[in-house]
Every structure is written in C-alpha cells, then in structure tokens.
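Participant: Listed below are the residues making up each chain.
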Amino acid sequence: MAAKQKEKRVLLQGNEACVEGAIAAGMRFFAGYPITPSTEVAEQAAIRLPQVGGRFIQMEDEIAAMAAIIGGSAAGVKSMTATSGPGFSLKQENLGYAAFAEVPCVLINVQRSGPSTGLPTSPSQGDIMQARWGTHGDHPVIALAPATVEECYHLTIRCFNLSEKYRMPVFLMTDEIIGHLREGIVIPDPKTLKIENRKINKKIPPFAVPKGEIAPQSAPFGQGQRYNITGLVHREDGFPTNSTTIAGELCTRLMKKIEDNVDDIIEYEERHLEDAEVIVIAYGGTTRAATKAIELARAKGKKAGLFRPITIWPFPAKRIQEIAKKAKKFVVAEHNYGQLVHEIRLATKDAVPIEFLGKVDGTIIMPNEIEELI
Amino acid sequence: MASPIIKKYIREGTLPHIWCGGCGHGIIMRNLAVAIENLGIDRDKVCLVSGIGCSSRIAGYMDFNTLHTTHGRAVAFATGVKVANPDMTVIVAAGDGDISAIGGNHLIHAARRNIDLTVIVMNNDIYGMTGGQFSPTTPMGDLATTAPYGNVDRPFDIAKLSVGAGATYAAKGSAYHVKDTTKFIQEGIAHKGFAIIDCVSSCPTYYGRKNKKGGAVEMMELQKKNFVPERLLERLEPEWIEEYDKTIRAMKGGK
Ligand SMILES: Cc1ncc(C[n+]2csc(CCOP(=O)(O)OP(=O)(O)O)c2C)c(N)n1
Chain A
5 MAAKQKEKRV LLQGNEACVE GAIAAGMRFF AGYPITPSTE VAEQAAIRLP
55 QVGGRFIQME DEIAAMAAII GGSAAGVKSM TATSGPGFSL KQENLGYAAF
105 AEVPCVLINV QRSGPSTGLP TSPSQGDIMQ ARWGTHGDHP VIALAPATVE
155 ECYHLTIRCF NLSEKYRMPV FLMTDEIIGH LREGIVIPDP KTLKIENRKI
205 NKKIPPFAVP KGEIAPQSAP FGQGQRYNIT GLVHREDGFP TNSTTIAGEL
255 CTRLMKKIED NVDDIIEYEE RHLEDAEVIV IAYGGTTRAA TKAIELARAK
305 GKKAGLFRPI TIWPFPAKRI QEIAKKAKKF VVAEHNYGQL VHEIRLATKD
355 AVPIEFLGKV DGTIIMPNEI EELI
Chain B
-9 MASPIIKKYI REGTLPHIWC GGCGHGIIMR NLAVAIENLG IDRDKVCLVS
41 GIGCSSRIAG YMDFNTLHTT HGRAVAFATG VKVANPDMTV IVAAGDGDIS
91 AIGGNHLIHA ARRNIDLTVI VMNNDIYGMT GGQFSPTTPM GDLATTAPYG
141 NVDRPFDIAK LSVGAGATYA AKGSAYHVKD TTKFIQEGIA HKGFAIIDCV
191 SSCPTYYGRK NKKGGAVEMM ELQKKNFVPE RLLERLEPEW IEEYDKTIRA
241 MKGGK
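Sequences listed follow chains A and B, in order.
So in my numbering, the last spot in the first sequence is 378, and the numbers never skip.
So in my numbering, the last spot in the second sequence is 245, and the numbers never skip.
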C-alpha cells in the first residue's frame, strides 16, 4: 500500500493540471506565447520547469514556440506548447511539419470564442475541425478532450504517451470552461503512472518502421546517428526525394499509423446507454451541462444517456454507428455552429434523427437547454 | 577525387547538389566544413538547422545532425534544439529571404536573447529557389521578377540589424573571401552567445542575369573588387542558457 500513500489531493485549475500531468509524463521543455485563456499553462510551466531541471522559454510568437518544441523534441526532450484560437491558427504550418517529419510533441489548445480575436475570455469548441484539417495536406491527427480538471492531468499524460508511441504531435483540445475551472483532484503516485518513452533503434534507417512496429525508431539528435529530418517527401534514410512512389507510400503510411490503430487510440465514456432512448453526445466542457441535463431528464422518467468522445480525432465512428442502432434520437451539443456533429451525421447516415444544440455567442450551454431537447 | 574535408563532412550519397553552376552557396558550405574541422568539434555534437530555400538544402548535404525545417523558422527550431540540449553546437544556415523577411522576427529575438547559436547567412540578394523575386537585401533599383521596373524597397544590412538587436558576434564575409569567411565562421561558432556571419553569395542564374552582372566568374570578380570582409563586433554578454540555468541551480532543479 506504499504506493497509495504517495497520492496527493490538490486544488488545481485545469490549465495548471495540464502542466502537472506533463511534468509527470516527463515534459522538460516548454515554449509558449501568452494568450487567453491558455496563459496559465505557460505561467505554471515557467514556475515548475526549473524546479525539476527543465527549461521554459517565452518565444516571440506562436510560430516560434511551435518550432522550438519540435527542435527540443528532435534533441530528445519531451516538449510542449499551449495556445488558444489565434495562436492555434499560427501554429498550423509547423504542426504539419511535426506530423510529416514524425516528431513527437504535445499542444494544449484552450479553445476560446472566435473567429479572429472573437471573445477572448469566453468558452468555445470552435477549433475541432481546425485540429483535424488546419494544416495543409493530408496528415494524421490525434486530439483528446478533457471534461474535468482531473482529466486534464491524465489526458496530458496520455497525449505524451501517444505522441511518443506514434511519433507525431498530439492535441489536448480543452476549452475555457475546463481550463479556468478549479477542482480538487487526486494526483497519483508517479510510480503508478504508465509512461511511454520513444522506442529507439539506431541500427535501422531513421524513418524505417520495423515489421510489427507503429512508427520509426530514430534516436534523438546528438546520439551518434547523424541523420536528416525534413518536411520534404523523404526516403527511409531521411533524405528528400521526388519519387512519386515514395511520396504515396509515405503519406499512406502516416495515415495508416492512425487508421490501423484506432482501437488503441480511441477512448469514450458512456452513461446509461443500457436503456437510453435519447443519447446526448457532448465532449469537453459541454459534458458537464449534458450530464446534468441527463440527470434532470431521468428524474422525470425519460430514458436519456450520454456518449462522450474522449478521443475526438480519430473520431469514434464505429461506436457511434453501434449506439445509433438502439437510440430513438441523438442530441448533439457543442460550443460552436456545428462541427463534430458533421462527423456524427457522416457516421450514422440518417439512421437516427439528430437534434443539434450549438452556441456561438460565448455563453455556456445550460443543462435545461439540453434537457428541453431530450 | 573529393578532398578529405569533403569526404568527411559531405554526405556523398546526396550529391549532386541542387545549386546551379556558379552559385556561391557551395563555397560557403565548404567554409563551414573547414571551420568545424579546425575547431575539432565532434560531428555527432553538431546540429545544423535550415529553413527553406536553395541555401537551406545545405542541411541535407552535410554530415551532422541536420534539421531542414519550414521557411523562415530555422532560428526558432534551433533555439529549441539548443535549449533542450545545450551540449550541442547549433548552427543555422539560411538565405537572405529566409532569415530577414519571413524569419526576421526570429532572428532579432534570438539575437536579443543572446542564445548560443551561430547563424550563417548565404546572402545572394535574391529569392533563388522561387525564381528571382527581390528579397529584403536586394539593392534599390535592381531588377527582380517581382521588381520588373526596379526595386523600390530599401534593403536591410543583416549583420548590422543583428547587432542592433543584440547579437554579440557579427561579421560580414563572402564566397570569394574564403579565408576570412572561414575564420569568421570559426570565431562565430567558438563564441559563447548569438553570432551571425552574413556572407555574400552569388546567384548568376537569377540575380546576375536579371541585372547584367555577368556569369559566375564576373560575379566573383565583383565580390573581389567591391567587398571587404569585416568583423563588426565580438563581445561577451550574459548568454540565455547560462542565465536560465542559474535559476535551475538555485532551485536544485531535478535534484
Ligand atoms: C511559408 C512559405 N512561404 C513561401 C515559400 C516559398 N519560398 C521557398 S524558398 C523562398 C525564398 C528563398 O530565398 P532565400 O531565402 O533568399 O534563399 P535562396 O533560395 O536564395 O538561397 C520562398 C519565398 C515557402 N516555402 N514557405
């Protein structure tokens, strides 16, 4: 029971919990640029990193911050950045670079109301599609969405684990609701955490994927492998090529990295689905109103349940199709004009009627608004 | 037969390079190889970072840890490499457009921080890779594909710009002045802090042809005649990582 004793109960803000999770995962480099409502992530990283022998740098803009963490990760240090709306837009080119060059890194996006400068201090889930399609070209994406402060901690760790395993950038798509929420959380004994580290094999070409493995196994810079990392189409040895065959193979391999492993990556939460006739689909901060709405509805004898994707990308289409078979109706609630609902429609192909509740005025979706639709 | 320097520092499998005959970039690449050889730095501990442009292809050719990144952002990537692993010698090689147009903000802020990086500019006064558009160093009045009636923009002096921003080592070299330029690169790498070596390169294909400067040989002769290599500044000031690490030590970070 020694492990149990090292558990800690602390009061944390969602943004702070992300940093604690990151440090537990091994993050020792953070590069950022202040932007509401993500700023506390940078502030907490600035406080915490020197305490654990890591380094924090405030860069001149978000493009630079994204570039710096890719550089840091190439040098072998688990690296993270955090941003919101306009900053997420600025990071897109280098995010594509990290995906294509297979450099692990983690980005916390505390979504705020947009477009443009929008309502900087108001919650939103308006970047869901940008997370999927924001950078140019086809590329793999993993994005997770926490609904509690405790989940900020654990999902940030999971982001690092997935990014190291799949060698790609991973997004934590949180929002102003969760980012600025304070909750008591349990921080587990670090020894009980499952931490994934980069698999390294210097004897094979840096971008070769051995049979049965998921991603390349190149060593961090400085360990004697002396290879090339590029955002150009490249061969297994890392050097650029104009070969259309290799271009096709590389892009396909990167997409398959996700497609072939959706069961490993996808996580979701279900409540009362055993008997649910109306299924509310919500994620991130919106989940809290959805959960309450379901409680209220059930108290009135209505058979309502919750489906909450924790993994947003890749989208849990298969599970949505399964639950659609039993439901009479879906109610989808998001803090946007309708983004993930498109994926749900695509997956269910009108098998079930869908009522959509979206908000783009910066206010929070209330439980009664969802309950009315149940 | 390749010289021992080429054999050791150039990845022969990646040749032939993409640079046109008469391009100055290759000479500057060789200068960098000689500088590293003279300094006796282990290749495993050298990281060469570049952005996008003809010049930036240098990353693929040289046998170091090489990071060929996005247009303009090499200095920001390099900052991350250096902060994550200060034991590495981190060098940025960039074109004039790459470093001073799209990458200008990163350049001045890295100089301001005085972080221990060395930036080598392969400055051909033109956007080579995209086919001869004017750059922030194209002289006024010169022709470029996007300045068909003469360039009306005033040019940057990249070395002076860097000094103004806080660089603690700055020099101007050229492809023609091999000895001085190699020495400057060597000094810049040995220097603790932000160093910049702005090297005149030549682009006979676009800049030379557009502006009737002649071919490769004539353009070299112009460098010989008109250019004087110069060390602008060498001064020791607090370096970013050294300063940051005082805090780590004060907190016994990680211990
Ligand atoms: C974001 C972005 N914008 C524009 C380009 C197109 N582009 C590629 S190289 C280049 C300029 C190259 O000129 P310079 O940096 O002076 O280097 P040179 O090719 O002359 O060596 C441009 C504009 C790009 N690759 N990425």
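Hints in this document: simulated from the structure, not taken from any laboratory.
Because the structure is a prediction, the values reported are computed rather than measured.
Among these hints, one or two may not hold up.
Stated by the list, open to error - No more than 20 Å apart at the CA atoms, straight line, and that leaves these computed lysine to aspartate or glutamate pairs for DMTMM-like: (1) Lys(-2)/B - Asp241/A; (2) Lys307/A - Glu278/A; (3) Lys236/B - Glu47/A; (4) Lys173/B - Asp32/B; (5) Lys206/A - Asp34/B; (6) Lys206/A - Asp143/B.
Participant: All hints are to be evaluated individually against the structure, with a verdict given for each.
Facilitator: A quick look at each hint next to the structure:
1. Lys(-2)/B - Asp241/A: Status holds; Cα separation ~18 Å.
2. Lys307/A - Glu278/A: holds, 10 Å
3. Lys236/B - Glu47/A: Answer holds: Lys236/B to Glu47/A is near 19 Å, not above 20 Å.
4. Lys173/B - Asp32/B: Roughly 18 Å separates the two Cα atoms, so the pair holds.
5. Lys206/A - Asp34/B: holds, 13 Å
6. Lys206/A - Asp143/B: violated, 49 Å
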